[in-house]
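J.: Listed below are the residues making up each chain.
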Amino acid sequence: MTHAGHGHAIDPDWKLPSRGRVGMFSLILAAYVYYIGKSTYGPQPRQVLELPILNTIFLLSSSVTIMMAERALVKRAMAAFSAWWGLTIVLGAIFLLGTAQEWRKLITKDGLTISTNLFGTTYYSLVGLHASHVIVGLIMLTAVLIFALTGALKPEHTEKVEVLALYWHFVDAVWVVVFTVVYVIGR
Amino acid sequence: MAEGSIPVPGGLGGATDVVRPEDQESTWLEVLHSWVVTVDHKKLGVMYVLFALFFLVVGGIEALIIRIQLFFPDNHFVSAETFNRVFTMHGTTMIFFVAMPLVFGFGNYLLPLMLGVRDMAFPRLNAFSFWMSAFGGLLLYYSFIGGVGLQGAGSAPDVGWWAYSPLTSRAFSRGHSTDYWALSLIVSGFGSIGAAVNFIATAFCMRCKGMTLFRMPLLVWLYVVTAGLVILAVSPLTAAQVMLTIDRYLGGHFFDTQAGGSAVVWAHFFWIFGHPEVYVLVLPAFAIMNEVIPVFSRKAIFGYPAMVAASVGIGFVSLGVWAHHMFTIGMTSISNAFFVLSTMLVGIPTGIKIFNWIATMWGGKIRYRTPMLFAVGFLVQFLIAGLTGIILSVAPFNWQLHNSYFVIAHFHYVIVGGILFAIFAGIYYWFPKVTGRMLDERLGKWHFWLFVVGFHVCFDVMHVPGILGMPRSIYTYEADRGWTTLNQIVSVGAAIQGIAIAILVYNIVHSCLKGRIAGPDPWDAWTLEWTTPSPPPPYNFATEPVVTSRRPLWDLKHPNDPDEPLEEG
Chain Y
-5 MTHAGHGHAI
5 DPDWKLPSRG
15 RVGMFSLILA
25 AYVYYIGKST
35 YGPQPRQVLE
45 LPILNTIFLL
55 SSSVTIMMAE
65 RALVKRAMAA
75 FSAWWGLTIV
85 LGAIFLLGTA
95 QEWRKLITKD
105 GLTISTNLFG
115 TTYYSLVGLH
125 ASHVIVGLIM
135 LTAVLIFALT
145 GALKPEHTEK
155 VEVLALYWHF
165 VDAVWVVVFT
175 VVYVIGR
Chain U
182 MAEGSIPVPG
192 GLGGATDVVR
202 PEDQESTWLE
212 VLHSWVVTVD
222 HKKLGVMYVL
232 FALFFLVVGG
242 IEALIIRIQL
252 FFPDNHFVSA
262 ETFNRVFTMH
272 GTTMIFFVAM
282 PLVFGFGNYL
292 LPLMLGVRDM
302 AFPRLNAFSF
312 WMSAFGGLLL
322 YYSFIGGVGL
332 QGAGSAPDVG
342 WWAYSPLTSR
352 AFSRGHSTDY
362 WALSLIVSGF
372 GSIGAAVNFI
382 ATAFCMRCKG
392 MTLFRMPLLV
402 WLYVVTAGLV
412 ILAVSPLTAA
422 QVMLTIDRYL
432 GGHFFDTQAG
442 GSAVVWAHFF
452 WIFGHPEVYV
462 LVLPAFAIMN
472 EVIPVFSRKA
482 IFGYPAMVAA
492 SVGIGFVSLG
502 VWAHHMFTIG
512 MTSISNAFFV
522 LSTMLVGIPT
532 GIKIFNWIAT
542 MWGGKIRYRT
552 PMLFAVGFLV
562 QFLIAGLTGI
572 ILSVAPFNWQ
582 LHNSYFVIAH
592 FHYVIVGGIL
602 FAIFAGIYYW
612 FPKVTGRMLD
622 ERLGKWHFWL
632 FVVGFHVCFD
642 VMHVPGILGM
652 PRSIYTYEAD
662 RGWTTLNQIV
672 SVGAAIQGIA
682 IAILVYNIVH
692 SCLKGRIAGP
702 DPWDAWTLEW
712 TTPSPPPPYN
722 FATEPVVTSR
732 RPLWDLKHPN
742 DPDEPLEEG
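Top to bottom, those sequences are chains Y and U.
Mapping to our numbering: the first sequence position 134 is 128, numbers consecutive.
Mapping to our numbering: the second sequence position 352 is 533, numbers consecutive.
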């Protein structure tokens, strides 16, 4: 229950920073929800948005693969860990690519940018905030993969890897909310 | 009270890593370097407080400029534009770069010492948080030279500390002054969130042996609630500033009414941060009261569990009261009624606290040293501030007085009469621990009495022009309004407070160099920080203390009459 005070990082509480992110996401989400249908001109969601079903499947399944990686890590099956972990990165990258393609279509074909209208402002802010978290996650995941492949990932790092996985689950969970709000309710 | 007579838990003799000051001959450059790169919670705490005191003087000078301008009707001491900048900077500075760093400074310094550990949970995050806050302050003040490129000096933000839309839109706020305002709050906001995470992790994961949650000093409990509020309140502020920046730089339309955006949404977002922020500041003030009042009344705090419950209660309720800042914005009757009731609800836990403090003093052997004088001042003034708060929470009454000087007087009563008095009590109480020397008691009494007189002359009277209809944020007024004499009295009160602050600054400098040597426990107190030498060594405790009650130092001093060991709560 109590720890002697030598300034060691106590990992479970790294959950707290993501709680701060929850505060940020919820406000931009609130803005999105409030502004649904209030855009006075320019493209509307139902005219330009398509359901990113495939993309969503890719991202959500990465939650499963990262869980498999964690299990392998606990058993110290490092090859399996690297494989599952690498697959997670690939799935995350595909998701990001999908978002990029969606944005390219919106910008070049539909002429919707962040300054076009209120919908553009809220859409790019919300989806962009999520995508930026995916990017940060991918960078951290890649770093861990490099550590694993070079053999620098030691048993004492298990807890830190688990906290990182927790962040990844958080990013996925936020996507579920963003998907529901932007593509289901908002369309 | 005797010097060096307090038994240090475990004894220092056996420690191998004892650092003696005389071992460390160093040049001033090395000293400076050691402060810049430090991750020691005590040094960071001291830097937070010094940073805040510097900005207290800066923000105070801005307040005096406001008061000089309002001394005469139709005055032209400063122009209308400058006046707008000065009150914007005064508000932003005092909240974000005085009150917040003071709060974090006390927390940083005291939490590990009170919990009997060697540092915060995340020392490097701690240093990062401080430098982010400090950098935010510099960024805000850089706007004076950088606001319109390098040509237009004196171009600080002029949109008010609430920065209501559409004042902040590109059309009405040209140049970059508003951007500096937004960026400095984003940057210091990250610092605040980091510090808050650290407080919670420290309280929950870094306690010495026997320090159960319900044996923690009440100060630590209050900081846990404060930190929770910081995380929940500051991150929306960051989000709102990001949206504002998107509007200003990327041509977004969040707060652009012509494109379907809404200025009211900004007001909501700002006050979703802004009201919990008041509690972020006032809960640490309560925290200091919880330590000072028992020690100077020679009694254990009355109603510890009720105090914890009330603190958590205030934390929860304060998240649902923000729109009482917006009664005149035109909400539905149902929302008005909701926010009236939720605001009044805060009075209950706050009342519990006031009664518990009075019950602690009741029948105690009260010693009126300077910290206790400020504590008593806090009790009286915070009660009055709370009462005008209840008055303002009634929506129809609020429609009459909103944006008048009555509101200004009310919240200065909270922030100066409540929070600042508590902070002063804390400074006089813990200064001996931090520096090893006592603050001068005679100068302290001068500071207290001048400040208390100046405060009441200034802010008691300030309610009246508000009732007579004087709106806030106006740079001057006509002579036939009948506000002249009142404004002059208020300005005189402000000047008296300025003199008192000058005495405090002199006292701090003077006592740092020549003050009476304090010894480890000058106040005959009961919490763990007083078991360490003054100033505490870098490692705080040579060996981990073991506690069996809420007053470990009482138990050490009175081995035959220890506090009842508490059941695990």
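Keep in mind the hints are simulated off the structure, nothing from the lab.
Just so you know, even glycine gets a beta-carbon here, dropped at the ideal spot from N, CA and C.
Watch out, some of these pointers could steer you wrong.
[Claimed, not checked] Residues from chain Y that face chain U, not an exhaustive set, calculated with beta carbons under 10 Å: (1) MET18; (2) SER109; (3) THR110; (4) ALA137.
J.: Closer than 10 Å between Cβ atoms is the bar; does SER109/Y clear it against chain U? Give me holds or violated.
T.: At 3 Å from the nearest chain U Cβ, SER109/Y passes the 10 Å test, so the hint holds.
J.: So, MET18/Y near chain U? Judge it on the closest CB pair being under 10 Å.
T.: At about 4 Å, which falls below the 10 Å cut-off, the nearest Cβ of chain U leaves the hint on MET18/Y intact, so it holds.
J.: Once the shortest beta carbon distance from THR110/Y to chain U is found, is it less than 10 Å?
T.: holds, 9 Å
J.: Can we keep the ALA137/Y interface hint, with Cβ of chain U closer than 10 Å?
T.: violated, 18 Å
Checked against the numbered hints given earlier, the structure breaks only hint 4 and satisfies all the rest.
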